[in-house]
Amino acid sequence: AQRVTQPEKLLSVFKGAPVELKCNYSYSGSPELFWYVQYSRQRLQLLLRHISRESIKGFTADLNKGETSFHLKKPFAQEEDSAMYYCALNSNYQLIWGAGTKLIIKP
Amino acid sequence: KAGVTQTPRYLIKTRGQQVTLSCSPISGHRSVSWYQQTPGQGLQFLFEYFSETQRNKGNFPGRFSGRQFSNSRSEMNVSTLELGDSALYLCASSTLAGFNTGELFFGEGSRLTVL
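First to last, the protein sequences are chains A and B.
Okay, so the first sequence: first residue is 1 according to the working numbering, each after it adds one.
Okay, so the second sequence: first residue is 1 according to the working numbering, each after it adds one.
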């Protein structure tokens, strides 16, 4: 069955420290994976997608098919990174979501 | 350009009633998808429409239905409401290619409370 797992409900790190938000998936085939972010009082929005291999706001995410993972990383966290992060998998016009990780950046 | 608009923003219903939620996509977007967000279950896919055709449906009972009009506006309906239907219902729009590339634009949601 297709599934997205984000094992951490809450992640708290100090400003300037590295951040890694974990995402594991279960999917038969070539996955299309995304990270979405929701800042306080803002709409859910796309952060980045694996296919573009880009860095957005200093975040990167690499698809590891062997480990079926798509972890989100940033080398130096900033206070404005505090938000809710969701990993999502596109399967035949259906988005399957992880439970989300609340990231808190402490000053 | 104007973003995705969902109406109503808040509503309260009682068990057994039915509710219709509306979503106006960004101009030019022909794909509309719906999601239910609850503290316990998180975000769950309801259905996706493109050019008035439902392309996929999530694992929800038949009480949940939707449709899309020729102007791409979409509605979702929940009949015989249950307490567990209390949730934030999110709508997102995208272009044809946008859904596959994850380029979804979300509305602020309709918060439904069932008493």
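Among the clues, some could well be false.
[Stated by the list, open to error] One side of the interface only, derived from the structure: several residues of chain A facing chain B at Cβ under 7 Å:
| # | residue |
| --- | --- |
| 1 | Phe14 |
| 2 | Phe34 |
| 3 | Leu44 |
| 4 | Trp97 |
| 5 | Ala99 |
| 6 | Gly100 |
[As the list claims (entries may be wrong)] Simulated pairs of lysine-lysine, DSSO-like, Cα-Cα distance not exceeding 30 Å:
| # | chain 1 | residue 1 | chain 2 | residue 2 |
| --- | --- | --- | --- | --- |
| 7 | B | Lys57 | A | Lys65 |
| 8 | A | Lys102 | A | Lys15 |
| 9 | B | Lys57 | A | Lys102 |
Since the hints were made in silico from the structure, they are not lab data.
Every residue gets a Cβ at the ideal spot worked out from N, C-alpha and C, and that includes glycine.
Let me know if the C-beta of A/Ala99 comes in closer than 7 Å to any C-beta of chain B, holds or violated. Where the cut-off is 7 Å and the nearest Cβ of chain B is about 4 Å from A/Ala99, the hint holds.
Have a go at the A/Trp97 hint: is there a Cβ in chain B nearer than 7 Å to its own Cβ? Holds, because the Cβ-Cβ distance from A/Trp97 to chain B comes to roughly 4 Å (cut-off 7 Å).
Taking only the CA atoms, is the gap from A/Lys102 to A/Lys15 under or equal to 30 Å? Between A/Lys102 and A/Lys15 the Cα gap is close to 15 Å, so the pair holds against 30 Å.
Hinted pair B/Lys57 and A/Lys102, Cα distance within 30 Å: Satisfied, since the Cα-Cα distance of roughly 28 Å is no more than 30 Å.
Should the hint that A/Leu44 touches chain B count as held when the rule is a Cβ pair under 7 Å? At about 4 Å, which falls below the 7 Å cut-off, the nearest Cβ of chain B leaves the hint on A/Leu44 intact, so it holds.
A/Phe14 was flagged as interface toward chain B. Is the shortest Cβ-Cβ separation under 7 Å? Constraint on A/Phe14 not satisfied, violated at 27 Å.
May I ask you to test the interface hint for A/Phe34 with respect to chain B, counting a Cβ-Cβ separation under 7 Å as satisfied? holds (4 Å)
Proposed interface contact between A/Gly100 and chain B, which counts if any beta carbon pair is under 7 Å: Holds. Min distance 6 Å.
For the pair we were handed, B/Lys57 and A/Lys65, check the Cα-Cα distance against 30 Å. holds (27 Å)
Comparing the model with each earlier hint shows a violation of hint 1 alone; every other hint is respected.
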